[in-house]
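Residue numbers (our numbering), protein chains in the order written: chain X, 1 to 325; chain C, 1 to 596; chain G, 1 to 131.
Don't read these hints as lab results, they were simulated from the structure. Among these hints, one or two may not hold up.
Which chain G residues face chain X? A few, computed with CB under 10 Å, are given here [said to hold, decoys possible]:
1) A3
2) Y4
3) I25
4) L26
5) A45
6) E49
7) G54
8) E78
9) I81
10) K86
11) L88
12) E89
13) Y91
14) E94
15) F96
Computed from a prediction, not measured in an experiment: that's the story for all the values here. Ideal Cβ placement from N, Cα and C applies to all residues, glycine included.
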Amino acid sequence: MADKPKIALCWLASCAGCDEAVVDLNDAILQVAEAVDIVLWPIALDFKYDHLESFGDKELALGILHGAVRNSEQEEIAKLMRAKSKLILAFGSCACFGGTVGLANFRTREDIFNWVYRDAPTVVNPEGRFPQPETRVDGKTLTLPEFYDHVYTLDQVIDVDYYLPGCPPPPDLVLNAVNAVASGNLPPKGSTLAPRAALCDTCPRNKTKPERIEITTVKRIHEVEADPETCFLVQGIICLGFATRSGCGETCIGVNTPCRGCFGPVPGVTDAGTKALSALSCLVKGGQYGDPKKLMESIDDPAGYCYRFSQPSSILGRKSRGENV
Amino acid sequence: MWQSIRNGTAAVEEAVRQFLPPCQAQCPINEDIQRTNVLISLLPEHPEDAEEGIIQIGDYLFEKNPLFTVCGYVCGLCELACNYRSKGGAIKRRLLKRFIGDTYTDYLDNKEEFDIKKHKANVAVVGGGPAGLFCAYDLSIRGYRVTIFEASDRLGGALWLIPRYRLPEKVLEFAVENMVRIARIDVKYDAKVGEGKLTLERITDEGFDAIFIAKGTPTPRTLFFADEQVEGQDLSGVMYGHTFLYEVSHGNIPSHYFQGKKVTVIGGGNVAFDVARTVRRLGGDTTVLCLECEDKDSPDGIPADSEEIRGAWQEGIRIIYSRGVSRIFGEGERLKGIDCPRCTSVFDESGFNPQFDTSDCMSLAGDILIITVGQGPDKTSLKKDDLLDKMGRLAVDPLTLQSLKRENVFIGGDLRRIGFMAEAMKDGLTGAESIVRYLSGQDLKEGRKRDYEVQDTPLKRLYLTEPEVLWVPPEKRMHFQLYERGFTLREAVEEAKRCLCCGPCVSCKACVSLGIQESLPLVEVTQDRCCGCGICVSACFYGAAQIRIVDGRLVSTIDTFKCKSCGMCVETCPSGARRLIGDKTENEVREVYASL
Amino acid sequence: MEAYVPKLVCFSCDFGWGYVTAHDILAPQIDNWIRVTCSSKVDSAYIFEAFEEGADGVLILGCPEGRCHFEDGNFRTEKKIYLLQKVLEAYGIEGFRLRMILSNNPGGEDIPKRIEEMKKALGKLGPMKRR
Numbered sequence: 001m002a003d004k005p006k007i008a009l010c011w012l013a014s015c016a017g018c019d020e021a022v023v024d025l026n027d028a029i030l031q032v033a034e035a036v037d038i039v040l041w042p043i044a045l046d047f048k049y050d051h052l053e054s055f056g057d058k059e060l061a062l063g064i065l066h067g068a069v070r071n072s073e074q075e076e077i078a079k080l081m082r083a084k085s086k087l088i089l090a091f092g093s094c095a096c097f098g099g100t101v102g103l104a105n106f107r108t109r110e111d112i113f114n115w116v117y118r119d120a121p122t123v124v125n126p127e128g129r130f131p132q133p134e135t136r137v138d139g140k141t142l143t144l145p146e147f148y149d150h151v152y153t154l155d156q157v158i159d160v161d162y163y164l165p166g167c168p169p170p171p172d173l174v175l176n177a178v179n180a181v182a183s184g185n186l187p188p189k190g191s192t193l194a195p196r197a198a199l200c201d202t203c204p205r206n207k208t209k210p211e212r213i214e215i216t217t218v219k220r221i222h223e224v225e226a227d228p229e230t231c232f233l234v235q236g237i238i239c240l241g242f243a244t245r246s247g248c249g250e251t252c253i254g255v256n257t258p259c260r261g262c263f264g265p266v267p268g269v270t271d272a273g274t275k276a277l278s279a280l281s282c283l284v285k286g287g288q289y290g291d292p293k294k295l296m297e298s299i300d301d302p303a304g305y306c307y308r309f310s311q312p313s314s315i316l317g318r319k320s321r322g323e324n325v
Numbered sequence: 001m002w003q004s005i006r007n008g009t010a011a012v013e014e015a016v017r018q019f020l021p022p023c024q025a026q027c028p029i030n031e032d033i034q035r036t037n038v039l040i041s042l043l044p045e046h047p048e049d050a051e052e053g054i055i056q057i058g059d060y061l062f063e064k065n066p067l068f069t070v071c072g073y074v075c076g077l078c079e080l081a082c083n084y085r086s087k088g089g090a091i092k093r094r095l096l097k098r099f100i101g102d103t104y105t106d107y108l109d110n111k112e113e114f115d116i117k118k119h120k121a122n123v124a125v126v127g128g129g130p131a132g133l134f135c136a137y138d139l140s141i142r143g144y145r146v147t148i149f150e151a152s153d154r155l156g157g158a159l160w161l162i163p164r165y166r167l168p169e170k171v172l173e174f175a176v177e178n179m180v181r182i183a184r185i186d187v188k189y190d191a192k193v194g195e196g197k198l199t200l201e202r203i204t205d206e207g208f209d210a211i212f213i214a215k216g217t218p219t220p221r222t223l224f225f226a227d228e229q230v231e232g233q234d235l236s237g238v239m240y241g242h243t244f245l246y247e248v249s250h251g252n253i254p255s256h257y258f259q260g261k262k263v264t265v266i267g268g269g270n271v272a273f274d275v276a277r278t279v280r281r282l283g284g285d286t287t288v289l290c291l292e293c294e295d296k297d298s299p300d301g302i303p304a305d306s307e308e309i310r311g312a313w314q315e316g317i318r319i320i321y322s323r324g325v326s327r328i329f330g331e332g333e334r335l336k337g338i339d340c341p342r343c344t345s346v347f348d349e350s351g352f353n354p355q356f357d358t359s360d361c362m363s364l365a366g367d368i369l370i371i372t373v374g375q376g377p378d379k380t381s382l383k384k385d386d387l388l389d390k391m392g393r394l395a396v397d398p399l400t401l402q403s404l405k406r407e408n409v410f411i412g413g414d415l416r417r418i419g420f421m422a423e424a425m426k427d428g429l430t431g432a433e434s435i436v437r438y439l440s441g442q443d444l445k446e447g448r449k450r451d452y453e454v455q456d457t458p459l460k461r462l463y464l465t466e467p468e469v470l471w472v473p474p475e476k477r478m479h480f481q482l483y484e485r486g487f488t489l490r491e492a493v494e495e496a497k498r499c500l501c502c503g504p505c506v507s508c509k510a511c512v513s514l515g516i517q518e519s520l521p522l523v524e525v526t527q528d529r530c531c532g533c534g535i536c537v538s539a540c541f542y543g544a545a546q547i548r549i550v551d552g553r554l555v556s557t558i559d560t561f562k563c564k565s566c567g568m569c570v571e572t573c574p575s576g577a578r579r580l581i582g583d584k585t586e587n588e589v590r591e592v593y594a595s596l
Numbered sequence: 001m002e003a004y005v006p007k008l009v010c011f012s013c014d015f016g017w018g019y020v021t022a023h024d025i026l027a028p029q030i031d032n033w034i035r036v037t038c039s040s041k042v043d044s045a046y047i048f049e050a051f052e053e054g055a056d057g058v059l060i061l062g063c064p065e066g067r068c069h070f071e072d073g074n075f076r077t078e079k080k081i082y083l084l085q086k087v088l089e090a091y092g093i094e095g096f097r098l099r100m101i102l103s104n105n106p107g108g109e110d111i112p113k114r115i116e117e118m119k120k121a122l123g124k125l126g127p128m129k130r131r
């Protein structure tokens, strides 16, 4: 029997939702287990890092990494996986664009530590202890991974071959990706393994749009009872579907929640946030058109909303590892 | 034998549907209104700097319309169709034209003659009014040797009848005299074609291969009631408006001529008001009496322009609506008054067919009665020239203006059909084109029919109201100077800026002509990137971005006639599916950023 | 210590600013100048990229209220600038590094003046503190 191709999955700054997505393949996962040899999967299997280190360079067919890069351990693992794998798949929005984790870039490390270890209302830390990268106990030095000041996307740290966005990626796209690797039928390097058009292309609510959309006041999803059939934009609720790649099957739309943009930008667009901001300036009009500031004030936290999954890959947020640490 | 003809009237017509802004479609000669509006809106702020630009705009207008300086005082048909009418008031285009004309008139004497090779046939134009002048001008610049046979001692035709307080003499004089000089048109004055030896045959014998007849309508209509001539029209004190204005234009009526006299003007058209307001300025106590009713929106509404009616009313002229004249009575040979039954309706299905209630009749005493109920052509001369049909009507093809009786004769202007100055000008151009085709053996009718589709109003957040036009107060108006104040440079620029530019870019291109862009960048949609979100449709104020179903998908398309190449849809497209081809902005940005 | 001179990128609308003066007379007086046919053509990405590439400020010159040649382009840009300023703040960039002026100046002589004014104001602020 020929050697089955080896793959490894590892989490970086991740919530484990992406691991869950693989588990969500359900019965299909057995097929996957038959077709490939998983040599590392911290959440599910017992292999340790040294097992991965034991392989030769590029011996693994595929390395799947999910989560963003926030600390030195994650950088190390990412680089290790890169050395051992022929192909690297950035799995999930965090790896692809930075994900929700990336929102931390709107604060400094100092701000974050101050809040988490000192200022949050539920913190009890009378001695003001903060985690340190190094400490000495009984004459020995203990270390913790260094917490970087910036969240990086995977491709800002290592060379990435394929991207599979989503928070998390849906099972059907995961299976497609795995099958593509197994069969060797792969698109050009750098491709995203998801459809090309934006969400409106497949969204059932797209045809409910009138010719011109005019939003008078922006409402947040929890403030109103949204009509389950009409396009959110028409109802004054910001949905980022128009600026987001399709492929998710509109799962959020299906439960009457507007798209948050987790699949990232469509091909050819690097920063979906700028597109969303331009489009919103066009759509928010209303009545006698009013005072521009007043109209736009109803959009609460444009930065957070438009860059919820993509801050580290945005124009102003992007940094390559190798610049300031 | 079965035969399929391919040329002449059997030929396939070229698609002649054209998109235009409504103002240009309304203008009988389709002037480039949008372009000149934009050009005016971009003139420099200071009058000294702007003068050169004004002359350039004037030169541009002159090419297509050498009488534009006159139009700036008397036309304004475009304003009736302006999309802004329902949004705050039509763009005051006539005043914009007048603004250009006021500087240009002074320049006209210095404008150089056109350098044209006159190597083609000789053409005669009978009548030096707007129709004849335009025909002569168009043929001249196309290389024909044109001679105008003008019956009087001055060119301009019926334009001379427009009172001085509406059209200054200098403007008209400079316009017509320079027009013939610049286009090198030969003019024979006091040449009354149809009288004595000067017949159409004689003209043809002298080597003129085609003749355009635009003699106008010199004969005033007399007053009828119940299909019969009203008696008393020969009493002393009764005159015709047309004749009266003619005398005034020659300076034969002294001022204060009507001082102390009660004058009644019969008629409801603009000419009647010209007469009434002239009489008023000559001291008369004036009343206008017309068949039509006051409501201009009704089919029986008074045809005179609202501006004229308002001006007349301001000047103290009384207007009596819905009355006819059944009898003119006098004392001996002198006029005493008229009997006026109420007119219950003017038009019906058969056309002009006034109905009266003779039981409701009022008498109006007066010293002078001026009958201004229209003018007609000199039918005797037309009959002599064999230009009438069996029913006594002018036999002419309405599309080509060619006479149906004499193939080298073309007829236009008021003579063919009473209309506005601009319509007569259009007839002149149509006649010229027909003559060119006739003389070069081409088919006269092919491609002549033109259909225009007008563009909608662009969307705008704040539509601005029209500016107020200032008139000299009525008590200071009792003279023949202009009472309407024209635009200053600043006002003209402001008003021209108000223009919405409804029409397609291809019929404008003012921005290219001023160097703002090298050419108009086209918008291109990459349809397989488009997700059909429709945000571009919301972005476009001109309705150029449209969602259509293509291969079962909703995708965006671009209507190049409506597109203004502003780039807004490109900027807003969240999928980056649109781009402006030929646009340099991207390159400039990269260059600048590289140097930062 | 060298005095800090802020770098400004200026986008100006051709229908409102400088259309009367010849380009080669104005261009030498203005650094980093990009002319557009409407202020609404300035892509949000261009604005962010300017900051990323090292500009300390971005100035957009558009037409006055109700006077946009393309109906409401200037109004749309106003709305967009407001949003972009808020986003810049979240990224740690002061919002008034991005400014829009709605006015009319056919001669274009005000363009270098406005740039100077903004440079002065930004000079007091100091260089950008990028995260």
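Status of the hints after comparison with the structure:
1. The interface hint given for A3(G) is violated, since its Cβ lies 26 Å from the closest Cβ of chain X, which is over the 10 Å cut-off.
2. Taking 10 Å as the C-beta contact cut-off toward chain X, the hint placing Y4(G) at the interface is violated, the least distance being around 20 Å.
3. Residue-level restraint check for I25(G) is violated (minimum Cβ-Cβ distance to chain X is 33 Å; threshold 10 Å).
4. Look at L26(G): its Cβ only gets to about 28 Å from chain X, farther than 10 Å, so that hint breaks.
5. Taking 10 Å as the C-beta cut-off, the interface hint given for A45(G) holds, the closest approach to chain X being about 4 Å.
6. Annotation: interface hint on E49(G) holds; nearest CB of chain X at approximately 6 Å, less than 10 Å.
7. The beta carbon of G54(G) is not positioned within 10 Å of any beta carbon in chain X (closest approach about 13 Å), and the interface hint is therefore violated.
8. With its C-beta approaching chain X no nearer than about 4 Å, E78(G) sits inside the 10 Å limit, and its interface hint holds.
9. A least Cβ separation of about 8 Å between I81(G) and chain X falls short of the 10 Å threshold, and the interface hint therefore holds.
10. Hint status for K86(G) relative to chain X: holds, with the closest Cβ pair at about 5 Å, below 10 Å.
11. Below 10 Å, beta-carbon pairs count as interface contacts, and L88(G) has one with chain X at about 8 Å; its hint therefore holds.
12. A distance limit of 10 Å between C-beta atoms decides the matter here; for E89(G) the minimum to chain X is near 8 Å, and the interface restraint holds.
13. Interface restraint check for Y91(G): the shortest CB-CB distance to chain X comes to about 5 Å, inside 10 Å, so the restraint holds.
14. Annotation: E94(G) was flagged as interfacial toward chain X, and the flag is violated, the nearest CB pair being 13 Å apart, outside 10 Å.
15. Here the hint on F96(G) is broken, as its CB sits about 14 Å from the closest CB of chain X, past 10 Å.
Checked against the numbered hints given earlier, this structure breaks hints 1, 2, 3, 4, 7, 14 and 15; the rest are met.
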